[in-house]
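In terms of the numbering used here, the sequence shown opens at residue 1 and continues consecutively.
Rather than coming from a laboratory, the hints here were simulated on the basis of the structure. Treat the hints loosely; a few may be bogus.
In silico lysine-lysine, DSS-like type, Cα no more than 25 Å apart, as pairs [said to hold, decoys possible]:
#1 LYS306 <-> LYS361
#2 LYS35 <-> LYS161
#3 LYS437 <-> LYS361
#4 LYS306 <-> LYS174
#5 LYS208 <-> LYS157
#6 LYS56 <-> LYS157
#7 LYS136 <-> LYS157
#8 LYS174 <-> LYS118
#9 LYS35 <-> LYS136
Each pair of labels, with its calculated beta carbon distance range [as the list claims (entries may be wrong)]:
#10 GLN263 <-> ARG431: 44 to 52 Å
#11 LYS361 <-> ASN424: 22 to 30 Å
#12 ARG380 <-> ASN316: 35 to 43 Å
Backbone N, C-alpha and C define an ideal beta-carbon position, used for all residues, glycine too.
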Amino acid sequence: MTPRDLSRDDYGPALAGASILVVDDEPGMRNFLVKTLSPRVQRVEQAASPQEATEKLDAAHFDLVILDNVMPRTTGLEWLAEQQRRGFFGDTILITAYADLETAIAALRAGVSDFVLKPFRANQILGAVARTLDRKNLRRDNTLLRRELRTGLFQGKLLGKSEVMVAVRAMLAKLAPLPTPVLFTGASGTGKELAARHLHQLSDRADKPFVAVNCAAISTERMVQELFGSIEGGERLTPGLLLLADGGTLFLDEVAQMPEALQAALLRVLEDQRIRPVGAERELPLNLRFLFATNADLQALVAAGKFRADLYHRINVLTVEMPPLRDRSDDILELAALFTTQFSQSLGMPGLELDEQTLLKLRRYDWPGNVRELRNLAERSVILGGFPEEFAGAGSVTGAQAIEDLDLVVQRHILHMLDLCDGNRAEAARRLGVSRKTIDRKIAQWDQDELSPP
């Protein structure tokens with residue numbers, strides 16, 4: 001089977017982005033493996049000796065090493081153990097012509113992912129590579145999923161049709177193709193993490209991990225190891241979140257609360273895209289998009305000597321300001337209806353009524369806790385079977401019907417306020433707590449709807 005034929009076989013999507021190092025002292029075997037793998041993977045390199053392989057690992061990271069066990073002056077397993085002590089954390093497939101129980105046990109203890117006997121066919125090695133990379137990605141995904149479940153990270157959508165949210169989404173679409181760091185600012189609960197996830201999904205890294213880290217929720221002692229990883233027991237590397245996110249996006253929330261020592265380490269990572277795990281001898285390359293968020297005034301913290309000026313300038317290249325909920329009152333009705341419906345379904349509880357009076361009271365409230373406060377109110381109200389007294393009303397608008405009728409509620413309320421203000425749009429906007437532009441846009445929209453054919 002030629003490499004051209006192999007390129008048409010489907011061994012799974014994991015191969016397409018993989019980097020592989022072939023280590024074998026036999027030129028024929030190296031050439032065979034390179035020709036077999038080249039049409040299927042992103043990058044494949046070869047080394048004729050353990051010394052050359054070490055140099056290549058020092059220069060670049062490989063997802064997988066295909067390793068011959070019998071080589072001059074050392075065995076493949078001895079070389080692998082040394083590389084693991086230095087910080088290599090990729091997977092390994094051992095190829096050998098000598099299959100004995102002692103070698104198999106040693107390979108298991110060394111953490112070898114697969115064992116292929118010589119001679120082998122092209123489809124055998126491709127199958128082993130595909131299985132190994134699939135297991136590698138599954139381990140990473142399971143680790144990140146368990147972490148998200150443990151930390152209770154909320155993965156919602158960036159909702160809202162207000163002018164400010166339309167502008168935010170337009171900015172995110174413009175920034176998505178760029179590798180540049182982005183700093184999300186705004187008060188707590190405005191949806192900075194949701195915006196960061198939205199940006200990741202728009203980027204060419206969407207199929208890679210998105211890892212969110214709350215710098216205020218991890219102790220200083222644990223943060224370095226959790227981010228950078230460490231050599232466990234002096235033998236094998238336990239990868240940190242930076243390595244687990246490799247190829248994707250790392251989102252650092254509450255960055256203002258990052259310890260000073262970690263600020264210096266992060267600055268070097270941003271500049272070099274390389275890290276050194278705790279206890280490792282080798283620096284490892286990274287391919288990461290960095291996103292940051294804070295509700296603090298970083299510039300004031302820099303002036304007070306509480307945040308590194310060089311790091312501030314490095315992360316403050318592009319800034320996205322997330323608006324408070326009070327500035328996007330047009331979105332409150334959509335969010336309230338969505339949250340109450342979601343919690344009713346997930347908790348298995350009766351649907352919550354959203355009548356006109358309740359919806360109007362929700363719009364008039366200042367929402368100091370922003371979207372997070374609205375979401376918490378919706379959850380609490382569904383559990384208790386009704387909104388608190390300050391939001392309660394009477395009516396029968398419920399569930400999906402609420403979303404369809406929201407525009408009618410808004411229209412009636414704005415028109416009623418205009419009647420009270422004798423048609424003065426500026427005064428009506430002031431009393432409603434919205435901008436004059438919002439009133440003008442709504443009226444223009446209703447006029448257009450009336451002119452449109454049924």
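Original post:
Between LYS306 and LYS174, is the straight-line Cα distance small enough, at 25 Å or below?
Top reply: violated, 32 Å
Subject >> Beta-carbon spacing of ARG380 to ASN316 - inside the hinted bounds 35 to 43 Å or not >> reply: holds, 37 Å
Original post:
When you check the alpha-carbon spacing of LYS56 and LYS157, does it fall within 25 Å?
Top reply: violated, 42 Å
Subject >> Pair hint outcome, LYS35 versus LYS161 [Cα-Cα no greater than 25 Å] >> reply: violated, 53 Å
Original post:
Are LYS208 and LYS157 close enough, with their CA atoms no more than 25 Å apart?
Top reply: Distance ~18 Å between LYS208 and LYS157 Cα, so the pair holds.
Original post:
Are the Cα positions of LYS306 and LYS361 separated by 25 Å at most?
Top reply: Violated, at roughly 41 Å.
Original post:
Under the criterion that the straight-line Cα-Cα distance not exceed 25 Å, is the pair LYS174, LYS118 satisfied?
Top reply: Violated, because 52 Å separates the two Cα atoms, which is more than 25 Å.
Subject >> Cβ separation of LYS361 and ASN424, checked against the hinted range 22 to 30 Å >> reply: holds, 24 Å
Original post:
Is the Cα-Cα distance between LYS35 and LYS136 25 Å or less?
Top reply: holds, 23 Å
Subject >> Supplied distance hint 44 to 52 Å, evaluated on CB atoms of GLN263 and ARG431 >> reply: Check passed, 47 Å falls within 44 to 52 Å.
Original post:
Holds or violated: are the alpha carbons of LYS437 and LYS361 at most 25 Å from each other?
Top reply: holds, 22 Å
**OP:** Quickly compare the C-alpha distance for LYS136 and LYS157 to 25 Å and report which way the hint goes.
**Re:** Not satisfied, since the Cα-Cα distance of roughly 29 Å exceeds 25 Å.
Checked against the numbered hints given earlier, this structure breaks hints 1, 2, 4, 6, 7 and 8; the rest are met.
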